[in-house]
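There are 2 protein chains.
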Amino acid sequence: HTHVDCQDDEDTFKILVATDIHLGYLEKDPVRGNDTFVTFNEILDHAQKNEVDFVLLGGDLFHENKPSRKTVHSCLESLRKYCMGDRPVQFEILSDQAVNFHYSKFPWVNYQDENLNISIPVFSIHGNHDDPTGADALCALDILSCAGLVNHFGRSTSVEKIAISPILLRKGRTKIALYGLGSIPDERLYRMFVNKQVTMLRPKEDEDSWFNLFVIHQNRSKHGATNYIPEQFLDDFIDLVVWGHEHECKITPFQNEQQRFYISQPGSSVVTSLSPGEAVKKHIGLLHVKGKKMKMEKIALETVRTFHIEDVVLADHPDLFNPDNPNVTQAIQAFCMEKVELMLDNAERERLGNPHQPEKPIIRLRVDYAGGFEPFSIYRFSQKYMHRVANPKDIIHFFRHRGQKEKKDIDLNFGKLVSRPTEAMTLRVEDLVKQYFQTAEKKVQLSLLTERGMGEAVQEFVDKEEKDAIEELVKFQLEKTQRFLKERRTEAEEEKIDEEVIFFLQLICALCKE
Amino acid sequence: HTHVDCQDDEDTFKILVATDIHLGYLEKDPVRGNDTFVTFNEILDHAQKNEVDFVLLGGDLFHENKPSRKTVHSCLESLRKYCMGDRPVQFEILSDQAVNFHYSKFPWVNYQDENLNISIPVFSIHGNHDDPTGADALCALDILSCAGLVNHFGRSTSVEKIAISPILLRKGRTKIALYGLGSIPDERLYRMFVNKQVTMLRPKEDEDSWFNLFVIHQNRSKHGATNYIPEQFLDDFIDLVVWGHEHECKITPFQNEQQRFYISQPGSSVVTSLSPGEAVKKHIGLLHVKGKKMKMEKIALETVRTFHIEDVVLADHPDLFNPDNPNVTQAIQAFCMEKVELMLDNAERERLGNPHQPEKPIIRLRVDYAGGFEPFSIYRFSQKYMHRVANPKDIIHFFRHRGQKEKKDIDLNFGKLVSRPTEAMTLRVEDLVKQYFQTAEKKVQLSLLTERGMGEAVQEFVDKEEKDAIEELVKFQLEKTQRFLKERRTEAEEEKIDEEVIFFLQLICALCKE
Numbered sequence: 003h004t005h006v007d008c009q010d011d012e013d014t015f016k017i018l019v020a021t022d023i024h025l026g027y028l029e030k031d032p033v034r035g036n037d038t039f040v041t042f043n044e045i046l047d048h049a050q051k052n053e054v055d056f057v058l059l060g061g062d063l064f065h066e067n068k069p070s071r072k073t074v075h076s077c078l079e080s081l082r083k084y085c086m087g088d089r090p091v092q093f094e095i096l097s098d099q100a101v102n103f104h105y106s107k108f109p110w111v112n113y114q115d116e117n118l119n120i121s122i123p124v125f126s127i128h129g130n131h132d133d134p135t136g137a138d139a140l141c142a143l144d145i146l147s148c149a150g151l152v153n154h155f156g157r158s159t160s161v162e163k164i165a166i167s168p169i170l171l172r173k174g175r176t177k178i179a180l181y182g183l184g185s186i187p188d189e190r191l192y193r194m195f196v197n198k199q200v201t202m203l204r205p206k207e208d209e210d211s212w213f214n215l216f217v218i219h220q221n222r223s224k225h226g227a228t229n230y231i232p233e234q235f236l237d238d239f240i241d242l243v244v245w246g247h248e249h250e251c252k253i254t255p256f257q258n259e260q261q262r263f264y265i266s267q268p269g270s271s272v273v274t275s276l277s278p279g280e281a282v283k284k285h286i287g288l289l290h291v292k293g294k295k296m297k298m299e300k301i302a303l304e305t306v307r308t309f310h311i312e313d314v315v316l317a318d319h320p321d322l323f324n325p326d327n328p329n330v331t332q333a334i335q336a337f338c339m340e341k342v343e344l345m346l347d348n349a350e351r352e353r354l355g356n357p358h359q360p361e362k363p364i365i366r367l368r369v370d371y372a373g374g375f376e377p378f379s380i381y382r383f384s385q386k387y388m389h390r391v392a393n394p395k396d397i398i399h400f401f402r403h404r405g406q407k408e409k410k411d412i413d414l415n416f417g418k419l420v421s422r423p424t425e426a427m428t429l430r431v432e433d434l435v436k437q438y439f440q441t442a443e444k445k446v447q448l449s450l451l452t453e454r455g456m457g458e459a460v461q462e463f464v465d466k467e468e469k470d471a472i473e474e475l476v477k478f479q480l481e482k483t484q485r486f487l488k489e490r491r492t493e494a495e496e497e498k499i500d501e502e503v504i505f506f507l508q509l510i511c512a513l514c515k516e
Numbered sequence: 003h004t005h006v007d008c009q010d011d012e013d014t015f016k017i018l019v020a021t022d023i024h025l026g027y028l029e030k031d032p033v034r035g036n037d038t039f040v041t042f043n044e045i046l047d048h049a050q051k052n053e054v055d056f057v058l059l060g061g062d063l064f065h066e067n068k069p070s071r072k073t074v075h076s077c078l079e080s081l082r083k084y085c086m087g088d089r090p091v092q093f094e095i096l097s098d099q100a101v102n103f104h105y106s107k108f109p110w111v112n113y114q115d116e117n118l119n120i121s122i123p124v125f126s127i128h129g130n131h132d133d134p135t136g137a138d139a140l141c142a143l144d145i146l147s148c149a150g151l152v153n154h155f156g157r158s159t160s161v162e163k164i165a166i167s168p169i170l171l172r173k174g175r176t177k178i179a180l181y182g183l184g185s186i187p188d189e190r191l192y193r194m195f196v197n198k199q200v201t202m203l204r205p206k207e208d209e210d211s212w213f214n215l216f217v218i219h220q221n222r223s224k225h226g227a228t229n230y231i232p233e234q235f236l237d238d239f240i241d242l243v244v245w246g247h248e249h250e251c252k253i254t255p256f257q258n259e260q261q262r263f264y265i266s267q268p269g270s271s272v273v274t275s276l277s278p279g280e281a282v283k284k285h286i287g288l289l290h291v292k293g294k295k296m297k298m299e300k301i302a303l304e305t306v307r308t309f310h311i312e313d314v315v316l317a318d319h320p321d322l323f324n325p326d327n328p329n330v331t332q333a334i335q336a337f338c339m340e341k342v343e344l345m346l347d348n349a350e351r352e353r354l355g356n357p358h359q360p361e362k363p364i365i366r367l368r369v370d371y372a373g374g375f376e377p378f379s380i381y382r383f384s385q386k387y388m389h390r391v392a393n394p395k396d397i398i399h400f401f402r403h404r405g406q407k408e409k410k411d412i413d414l415n416f417g418k419l420v421s422r423p424t425e426a427m428t429l430r431v432e433d434l435v436k437q438y439f440q441t442a443e444k445k446v447q448l449s450l451l452t453e454r455g456m457g458e459a460v461q462e463f464v465d466k467e468e469k470d471a472i473e474e475l476v477k478f479q480l481e482k483t484q485r486f487l488k489e490r491r492t493e494a495e496e497e498k499i500d501e502e503v504i505f506f507l508q509l510i511c512a513l514c515k516e
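The listed protein sequences correspond, in order, to chains A and B. Numbering-wise, the first sequence is residues 3 to 516 according to the numbering used here. Numbering-wise, the second sequence is residues 3 to 516 according to the numbering used here.
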């Protein structure tokens, strides 16, 4: 199998491939609130126009573990609009569906349900954002699957051992074995791979006649020793891996050098972090499979808000900026403004060719201020771009390059955090939370209330907006405050607990607003 | 039209009538958690077995405004299981569906959708528990309606004026004009009625040939001067009113004396408050309509957990209890235990005839302890019934009859509330919250942070589990605590704020657990 062109015919599967659609991301933002819904419609519209056999999603269809009513509603609306209809589905399923969809209340593929008229079946694994949680171990995809609009597959129930049973599809003479593995914490899955506890089952007959397609949602790039899944862990009988979770679009299949398989990383269809990978043009794929041959056609997404990112290193411009000049901050600010204007010009030029492109771009200028410089007020800077940029509050990001960073006491002081509001720094709530718990853990030697540890609970809350996490947070602060009040206190300690309570309340406020 | 028996034929509508199913009520309770789901299945099973033309629901299908994933999932599962299938729907819709379902993304009745195979259409108005909220003004029913499993109707968009346009249905020679009005705050609707701003539109042709059926979800019994809807406000051309919201089953149509119409109050299918009305046997209705004749057949629900309530007035037993006897509390406790045993015996006898009946009943003994008696520890009492009663924690409710109540300072002290945990009293969180804000408002003369007032925000949270309400709560406490810390404080004041913060944290804990 290679990327030989294959003429579409009755033996050719056409599969629309997309991932990380993150429905509901920033849904309350007055400018960007509808971006994910608009792009999901664009994706399904491509599926319909291209008359694909099915849609394959690589996880994180939803941004929140418990998506809002609006998000679920909008998603159901799109699926019912685009994926139902009279066009007959042209492929059949040969595997035991009761195995493929064993955790579903309706354990069969939706297009074979006599009560539903499905024209485009959607197959999806879950991601880390929309993974199964709670006593019932349901995830948001299960709502869609229960409504008959999505086929949720690739879910493993054991935490020690995984045997992936493929969905076997046939269209004419082409046979696809579709393997899926919904998101699992990387370190756990890494361990399972190392311990040979991950098995991919293969069809008994004509083993080599199948096109083996595997969809996975894990870290692909190394985030620590075991906090990712090395490509070579995957079985080499696989033909193509569709890799979700990583947001940078690298959709053109790229062959792994050790193994025979190709990897396609579609990337997200929305910018969720202001990092360079997200600035790469967003695409989805139209995968053609005929026999063992495949072709991945890239489809550029037109509705995605463009993102422009640039870096500035102040120390690289000794001619322009002298830290001893009392007006250096104004000079830096003017320089940054010029940069942003240029980025906006580029964004506008790009947009003109595309009527579906949202008007305001996402802009980020990262300013390395190492070398004795001071950051200027981001607040005032933001005000200037309120009507031209989609993300006015975080256009500028000040940082100091590790190598050049002055050695300072990095033990974060609680009071400092409280007295210095986020205005002057682009500290994100996540960072605040992390710093708070790192500091708190060191200083107070807290016996953590939960097994998982408080920091993780908060991080989870930040990720997933879980009410349970609020409860844990509150319990934590409650017990701590009570402990303080019971003890005899010095005035300094009293002030400390007062500050903590205030910080804590600010924290919940910020979390609630997230 | 009267209750003359009519033989079912091709001119007879058969309608299953139910209301206040409260899906998800106490869903985390290990004993009662599945009650609402089980009963919903029983209701739909009756609909299927009786081959009804449609199901008519009177609101509060969901207990929570934002029902949990499990609840939505379970509801979709039941609807897909019971309401889809090949049995053809035998009636047609004559009205303009774009008007009837104007706020829906799919503004037509579900059984006419070419992509859905519906055998039992469900028509529902929303209740006060599952009413539309948020910027998008969606409610939980809209998720079901978007999935094509429920026809949400009777929604008015204006807050000043309502014109109710009926869904016009015809089966053979019988024509029904189905009017619906989703829940609206009683006082607002009362005002609109008084100001003649509520109009019920009538079909132009053969006005008198229609059976006029109206479904409403409001207070029927008087909760204050304008906090209910007097029956005589309703137009007298109506034939039958199906009245939701009131939980007591009074399903047999009862004629209003001033007007011509009949009222059927199906009542809830689950006990959500431990009051006598909820102890009445639960039913749903099978409504037959032929021409202008109707018959309401009662169907007793078999899966509903039975509820037994009794009152004891200690002062009525001077022979048994003397407040000056040092052992009087033990005597009272023994007496209550005897009562509860009798109630359990009755419950068990009742259950034996019914295999679908849940094993543990709900029991409440209300004890009027006026006359110098003291309540005993409910905690220990509860322990004894842990394995025999579905609601061990609130079997006993102590109260003092208004007339006999000793005059005491009823200004609730904050510290008292904190120092006396809920163990000794059956104070509910809602009460605590109310008391807290009543006290706080009096003492601190708070300028409320929101237009609606904090108390209401909390009440709303209690009712609806809204994250926004937590935010408001936290903001409130934050501002208050900051204000206190800025001012010079006396030691007493300091203690007070400490206590308040603790109470506040306990409160959020309790709310999160609700």
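Please keep in mind that the hints were generated in silico from the structure rather than gathered at the bench. Just so we're clear, the structure is a prediction, and the values are computed from it rather than from any experiment. There could be a bad hint or two in this list.
Pairs count within a copy or across copies, as identical chains cannot be separated in the list.
As the list claims (entries may be wrong) - Here are the computed lysine to aspartate or glutamate pairs in the EDC-like style, where the Cα-Cα straight-line distance is at most 20 angstroms:
(1) K68 / E376
(2) K72 / D138
(3) K51 / E376
(4) K16 / E280
(5) K173 / D210
(6) K386 / D115
(7) K297 / D10
(8) K386 / E350
(9) K341 / E189
(10) K30 / D138
(11) K395 / D237
(12) K107 / D47
(13) K51 / E350
(14) K107 / E44
(15) K300 / D47
(16) K68 / D138
(17) K294 / E250
(18) K206 / D396
(19) K16 / D47
(20) K68 / E79
(21) K83 / D115
Okay, the hints, checked on the actual structure:
1. In this assembly of identical chains, K68 and E376 lie within 20 angstroms of each other by CA distance neither inside one copy nor across copies; the values are 41 angstroms within and 47 angstroms between.
2. Taking identical chains as interchangeable, the C-alpha atoms of K72 and D138 lie at most 20 angstroms apart only when they sit on different chains, with a minimum of 7 angstroms there against 23 angstroms within one chain.
3. Taking identical chains as interchangeable, the C-alpha atoms of K51 and E376 are never at most 20 angstroms apart, the minima being 53 angstroms within one chain and 76 angstroms between chains.
4. When the C-alpha separation of K16 and E280 is checked against a cutoff of 20 angstroms, the pair qualifies neither within a copy, at 27 angstroms, nor between copies, at 58 angstroms.
5. Proximity of K173 to D210 under the C-alpha cut-off of 20 angstroms is restricted to the intra-copy arrangement: shortest distance 16 angstroms within a copy versus 59 angstroms between copies.
6. Neither within a single protomer nor between protomers do K386 and D115 lie at most 20 angstroms apart by alpha-carbon distance, with minima of 55 angstroms and 50 angstroms respectively.
7. Within a single copy, K297 and D10 get their C-alpha atoms as close as 10 angstroms, which meets the 20 angstroms cut-off; across copies the closest is 62 angstroms, which misses it.
8. With identical chains, the CA atoms of K386 and E350 are at most 20 angstroms apart within one copy only, with a shortest distance of 17 angstroms there and 74 angstroms across copies.
9. Taking CA atoms no more than 20 angstroms apart as the test, K341 paired with E189 passes in neither setting, with 41 angstroms inside one copy and 58 angstroms between copies.
10. Taking identical chains as interchangeable, the C-alpha atoms of K30 and D138 lie at most 20 angstroms apart only when they sit on different chains, with a minimum of 11 angstroms there against 28 angstroms within one chain.
11. Taking identical chains as interchangeable, the C-alpha atoms of K395 and D237 are never at most 20 angstroms apart, the minima being 45 angstroms within one chain and 56 angstroms between chains.
12. When the C-alpha separation of K107 and D47 is checked against a cutoff of 20 angstroms, the pair qualifies only between copies, where the shortest distance is 17 angstroms, while the shortest distance within a copy is 29 angstroms.
13. Proximity of K51 and E350 under a CA criterion of 20 angstroms is satisfied in neither setting, with 29 angstroms inside one chain copy and 63 angstroms between copies.
14. In this assembly of identical chains, K107 and E44 lie within 20 angstroms of each other by CA distance solely across copies; the values are 18 angstroms between and 30 angstroms within a copy.
15. For the homomeric pair K300 and D47, the shortest alpha-carbon distance inside one copy (15 angstroms) is at most 20 angstroms, but the shortest distance between copies (49 angstroms) is not.
16. Taking the shortest alpha-carbon separations for K68 and D138, both the intra-copy value of 13 angstroms and the inter-copy value of 17 angstroms come in at or below 20 angstroms.
17. Proximity of K294 and E250 under a CA criterion of 20 angstroms is satisfied in neither setting, with 27 angstroms inside one chain copy and 66 angstroms between copies.
18. With identical chains, the CA atoms of K206 and D396 are never at most 20 angstroms apart, being 55 angstroms at best within one copy and 60 angstroms at best between copies.
19. For a Cα distance limit of 20 angstroms, the shortest separation of K16 from D47 inside one copy, 14 angstroms, qualifies, whereas the shortest one across copies, 42 angstroms, does not.
20. In this assembly of identical chains, the alpha carbons of K68 and E79 lie at most 20 angstroms apart whether taken from the same copy (18 angstroms) or from different copies (18 angstroms).
21. For the identical chains of this complex, K83 and D115 are neighbours both inside a copy (18 angstroms) and across copies (12 angstroms), given an alpha-carbon limit of 20 angstroms.
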